[in-house]
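S.K.: Could you fit the two chains together into a complex? Lean on the hints.
Residue numbers (our numbering), protein chains in the order written: chain A, 296 to 631; chain B, 407 to 1010.
Keep in mind the hints are simulated off the structure, nothing from the lab. Keep in mind that the hints are not guaranteed to be accurate.
To be verified - Simulated restraints, written as ranges between beta carbons of each label pair: (1) Arg-375/A - Val-948/B: 35 to 45 Å; (2) Ala-550/B - Arg-375/A: 51 to 61 Å; (3) Asp-521/A - Asn-554/B: 34 to 44 Å; (4) Arg-495/A - Asn-554/B: 20 to 30 Å; (5) Pro-476/B - Arg-321/A: 35 to 45 Å.
Ideal placement from N, C-alpha and C gives every residue a C-beta, glycine not left out.
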Amino acid sequence: MQSEVVVETRSLTKVYRDFWGRQKVRALKALDLEVRRGEIFGLLGPNGSGKTTTIKLLLGLLFPTSGEPLVFGRPATDVRKNERIGYLAEESYLYKFLNAVETLDFYGRLFNLPKPVRRQRTHDLIEQVGLGWAKQRQLKEYSKGMTRRIGLAQALINDPELLLLDEPTAGLDPIGIREMKDMILSLRDEGKTILMCSHRLDDVQDVCDRIAILHQGELKEMGRVDSLLKVREVTEIHATGLSDAAREEIKQVIERHNGELVSLGNPTATLEELFVKIIRESEAHPGRRFRATPEPETAEPETPEHQMLERQMLERQVLERQVLERQMPEHQTPEH
Amino acid sequence: MYTSLTDVPPLSQWLAWALFSWLLVVLCLAAAGVLIGWLVATLRGGPVSATRATLRALADAALDLTHISPRRTAALTGLTIKESIRRRVVVVFAVFVLILLFAGWFLDPGSTDPARLYLSVVLTTTSYLMLLLALFLSALSLPADIKNRTLHTVVTKPVRRSEIVLGRILGFAAVGTCLLAVMGVISYAFVVRGLTHTHELTTADLQPVEGAAADRPHALEGRTSQVHRHRHKVTVNSSGVGRVETEQGHWHELSTQGSGDRVTYRLGPPQGMLLARVPIYGKLRFKNSTGQDLEKGISVGDEWTYRSYIEGATLASAIWTFSGIREKDFPEGLPVELTIEVFRTHKGEIEKGVPGSLSVRNPRSGRMVEVRLFPAKKFATDVQFIPRVLETPEGRKGDLFQDMVSDGQVEIWLRCAAAQQYFGAAQADLYLRARDAPFWLNFAKSYLGIWLQMLLVIGFGVMFSTFLSGPIAMLATAGALLGGMYSEFLGELAHHKVIGGGPVESMIRMVGQQNVVSELEPGLRTTAAQMTDKVLEVGLGVVSAILPDFGRFSFPDPEGRLAVATGFDIAPDVLIQCVLHALGFMVPLVVAGYFFLKKRELSQ
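Chain B on its own, in the form it takes in the complex (with noise of 0.2 Å):
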């Protein structure tokens, strides 16, 4: 698996060995289950007919799960629908509508970054109403059938147990996918309308630059009305066209009417508030003070260790390699964006960010042209160019493409140029921004990943509600959820990579009031906790590799963040890595419903 959202692999070369590791899991289950289930008839009515029996029911799941009919699956995906309309799931429709509006009344256009505020609270909404009208739906339904017995008169016809699961899956797939589209759809609405804007711009806010130079007579700057807390800087030349500064990382159109004394100065609607770029990755590696090769910097201490530092005005360098950069993607040069950290030891001049340096360096050649010195931007994105046309430190002109990339591949360097300041960077923090996505486009694919999400609650609600009652179902359905969404952290558990032990030498812990790091008392008690943790452990492992990982499918950006958030493209290999791994799960679980399900005494 791959370690971070920049070290993507392409897809033909993650297909093969995903397919090649799903099948073998899938069959390990699958062998589990045929053995568990021999030895339970066994217990019943020995081994001879525990196999005869096992392989009865291996040949008929065969034929089961092969023909099924789509004209029968067809028609119970059609009452699975009519019964969720019945249960007047859209009510949370209903729902869905008055968050919106309390939000609306909430949310601050004017805070720093409101598309991302918008876009969250409306990605995050969406999607925990969906997961739990998702869970709500599936975990209930079978249990209420098989209870009234509505489900004998569908099963004493030639219905396969395979096209009842698989009907009541996509019935409530349908009927989430309408919700979805619908709250999609008002969801953009609410961002589009909650971010726009304007501003008034008047001749008496504009006054003519100070100290114009000759080649800018009559030049005026100003700024615009305050709207959403925030002001834009205008400067407008003689032949009236205008140009709005970025503020709070958006800028506007400016359109110039009239002339003279009745000059009327129009701003247009925002404009770079909802992005989705697609960015270029390279591959970070660091130079320490004394100019020697380290993976990663040093720590300063903070716990999140995301980024490592560099010291500044010394040799200590974070190099970004990026491999693929073609003319013809690029002609005007890279347009390069960064969000690195700054970690001040003194003071400074507080008022201005920290200097750091950009160098284009050739990896083959060696040679290193020093592009820019900017001060460093804390805490937003720093927009940086490499110009095509690069002044070489003996005073020439060199090309970009000529003399500094080979192969495709092209080094640049960052360094701290204030002295006991740091810089702090990780691999996605500066990247190359090749293009922008349509933002409509990455919405949307937000939504699919919602929508797979929704697709996998299904699923193992309506496998869980094969065998178990329906309250019980919900509560195994919102388990494998949240297991699945921390699968991480169970895994790390599993593997005793967590400090304070597993969970009954937790339960110790917390009961005898101790911390994480502190030592049990040795004696039977904690080598008894110890031993059972050992197995728990095992089975934590698991569930761990088995849940899938929900928190993929909302898409989020290297630092965890929504990627639509943002303003990042989703990559269409992550997409399709997403649907594959859901698809890859659906398998198995109307495999095990249909199992479960065919097992089942039905009558009481």
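So that you can see chain A by itself, here it is in the shape it has in the complex (with noise of 0.2 Å):
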């Protein structure tokens, strides 16, 4: 069953002229793209590909040299789609002088959202993006990473179908990216859809269901990202609770098979996740320092195989307690 088609592209061409009419760019060569509902989205390419180009012409910031760019069906001038969408931009163009309540209270206001609704969107929206704190502090004195954040919050004022984002990593750090992507994973978790373009290609990977690549104002590649990104020549088991004689009788059955064994070993876990768990780590207990593992003061030598099984064990008790982190909300780190 292909679900509704959101956002839709044909033909979109742009080109910059200047003064004169003459041409000076070709940001977009007829570009035919397709997002469908419940789906995230990325554009993907290089500084310059129109990736941020293909945003605004959706958004109506940009008109078409030729082309039709269309949201919800609709041509992407019309004002009445904007109902539906929330737009994070690259700087969050947000008025200065306002604080963080003032801003949304306008924007809820721009929507025509009711005197109650507003409020209570507004203080949950607040919360939910983390500056609860700081929300009687005028714009002008956030970092950059808490404008994001507020940016973030206007664009889902009004509980938007489709969420456009451009480059919503971009200057943040691993913290702050670990929390824009499970925010951008858990708003897809609730029925949303969500283009954003980026040209960071791991937070596009760990994020996205289809990708676009965008080189020169041309589409070079489209599709979803496990199906372009398959290996498929090799196979990728994870099995837990393995003996060495276990490992060695899979051994045996890939060479029986015909098979080659490419590698056989302990997964990594990526340094962001050690990291991300690190810091929430010192968030929850600060104070406490690093200390080495300590080795076991046992009498008993230590057999190269004694000390294998050791790291073994301690590595997957990292592994588990990963996977459980990953699976519980935040902030709710189980206690060893």
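M.R.: Next up, the structure:
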């Protein structure tokens, strides 16, 4: 069952002309794109490939030279489509002399939200993006991460069906990036459609369902992330509770089926996961210092096998904990 | 359009015609706009797509302009107000107070007409400051938003461009209104305080009236102390009731306390200084020295042709015909006020005024009664009175209304009595002082005029700022303001009524150091210049017809000075016409701003 097409561009072309009408830059060349409901779509490409141009064309901030940008089946310049979308720009273009509450209230009024709804949503969103402690401060005092967060809040004020994010993780620290990615994923789980453009490949890989790669205004590749990145010839197995003997047996099974063992060992967690875990722990328990895991002071001589077993056990514990953390809500790391 | 303030047609008559001509102009402008838009679109993409795009733009416009949400507009208005406050508009306020304090130092309340002086200063200062404020606020705000892209976030919400334009205009209007109200209150206090004074009168100042008649025993007369460079003559009768003569346009109330040797006199504050007279004007016509009817009198060589003259000791007369004169409005007679000019061809009796006469005539029966012989006062308003009971030439007593007024019409004839002297008269120079309106109301009306001017500047400023950058929008708005103030002159330029030719020809004259009346050398250059001028003049004509006449919002009196300052009431009809005039401009400005903003690519 194909879900509904939320965003569509048909032969979308944008040529920047100078004052005399001469061509300066062909920013987009006949782009054909489709974004379906409920997916996270990533627009990738190097700087100047037309990603931001596409988003601005879909928002009506730019007018196409030819072709049609359509959102919810309506042309992009129709202001009524804006009722159902939210936009987070790369730099949050918000009024610096308002504070967080006033900002959200202002944009809420622009959606014709009645006062009690506005007040409730403002309160909820400020808590959700973690700005409760700074909500009375003027936006001009905010750091970049805070500005991005209030920007995300205003993009969500109308509970939109479609979110357009322009470089959502640009300029954020790793914790911020993780939180942004988690937020995007949870929004998708609520049923929203997200179109984001980025040139941070790892972020896109973590989050997007489908991607399109642009270069010099042309579409070079489009498809589902998992199918695009799948390395078809190699099989990956993750298993726990395997003894050495079991591993040997698996090796033999592979050889028996004429397969080639590429690698067998313990997978590596990403540095991001480790970093985020350590910082979260530090926030939960400030003051604790790093202590190297003490080698057990036993009289028993350490055999290499023994050491390897120990290490494996520790690594397994780390992995388990990470799996658990990812499933559990924030700030509830299980105590050991 | 009415030609002078004395010929204001009643509102009902004016309204239909004005509405019709407004619709006509707006439709022409709209058609021109659509045509230009279509042409530009055709150049870009061919006629078919241009037509489609134009029709879609019109359909969008119809939707966007009628579906303006009050809540969204109110949100944008609130934002604009907050932004203006952040911009520290109250600085204007401080500047205003400073200027007033400074002016208070220098303004001389002892001058001949201090009320006019003070009121002119206050009104001019307020009006210039408010216009400057409106200019800066309105022209710089939108371009700044577009440049820092804060408008992007707003535009990606379901906000119509019309709401953005309207919200901004309303926001600036609200800020301006608050400031204007405060400035108005302060101005009023400043004027009243500056003009307030009193004099002292002691028994030593009074002497018995010389040659006191039998019916006025023990009357005293004297002069008050000198304050603000003038004194008043005072007459006190035996019962202590006193009368203070008018001096410099005002008088004071006199109260007596005590009696006998311990009498003290107190004078109250000035009365009659701050006035709002409601004049009833008549239609003026002339008769020349042989009694023939004329439209205008003769010219004595004055460049300002506002007044024309009648010769003394001849049949030459200036005749005002009044209509709608009812007995119940003037039960005691007609209070007449004159501000005529006097032109002497010989010195005559230089200390006394040139004598003139006022007569009343019944326009139907032709009966004429001479009412008064009086010395004409130059540079001052002469107050006369035509009493109810008139002495006819036959020696009988007649009644003004029964004998002289027919169907509400009556004529008043002015003649000069001295040979070879001339009286100059314009239609507004003789009027009936029907009643006085409250001064504070008149003051408030003049502030309404300033408010309307401010509104127009805001409208032009926001409209220009939708497609021009900040400083250029300011220049364009200032240009519109100046063009509007001199729209009459621009119109004259456009219709070849100005000696010396159009812009290019004037340049040639300036560079060639020729005066305006000399002939230019015939040749290619002159012809080319004159042809260019013809084209430019068309443009000037269009511009002068389109731009609002800013001068009318200061409510000038018939001679061109501020009516509030010279003490004339601003007629409600004139006020309503001005309000409608302003609104008639605001609507197309909002629509134009909407179109310019919508067709603009907001992202660079």
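S.K.: Now tell me if each hint is right for this structure.
M.R.: Hints versus structure:
1. Arg-375/A - Val-948/B: 35 to 45 Å: Check passed, 37 Å falls within 35 to 45 Å.
2. Ala-550/B - Arg-375/A: 51 to 61 Å: The hint (51 to 61 Å, Cβ to Cβ) is violated, given that Ala-550/B and Arg-375/A are roughly 28 Å apart.
3. Asp-521/A - Asn-554/B: 34 to 44 Å: holds (41 Å)
4. Arg-495/A - Asn-554/B: 20 to 30 Å: At roughly 26 Å between Cβ atoms, Asn-554/B and Arg-495/A fall inside 20 to 30 Å, so the hint holds.
5. Pro-476/B - Arg-321/A: 35 to 45 Å: Distance hint for Pro-476/B, Arg-321/A holds at roughly 44 Å.
When held up to the earlier numbered hints, the structure conflicts with hint 2 and nothing else.
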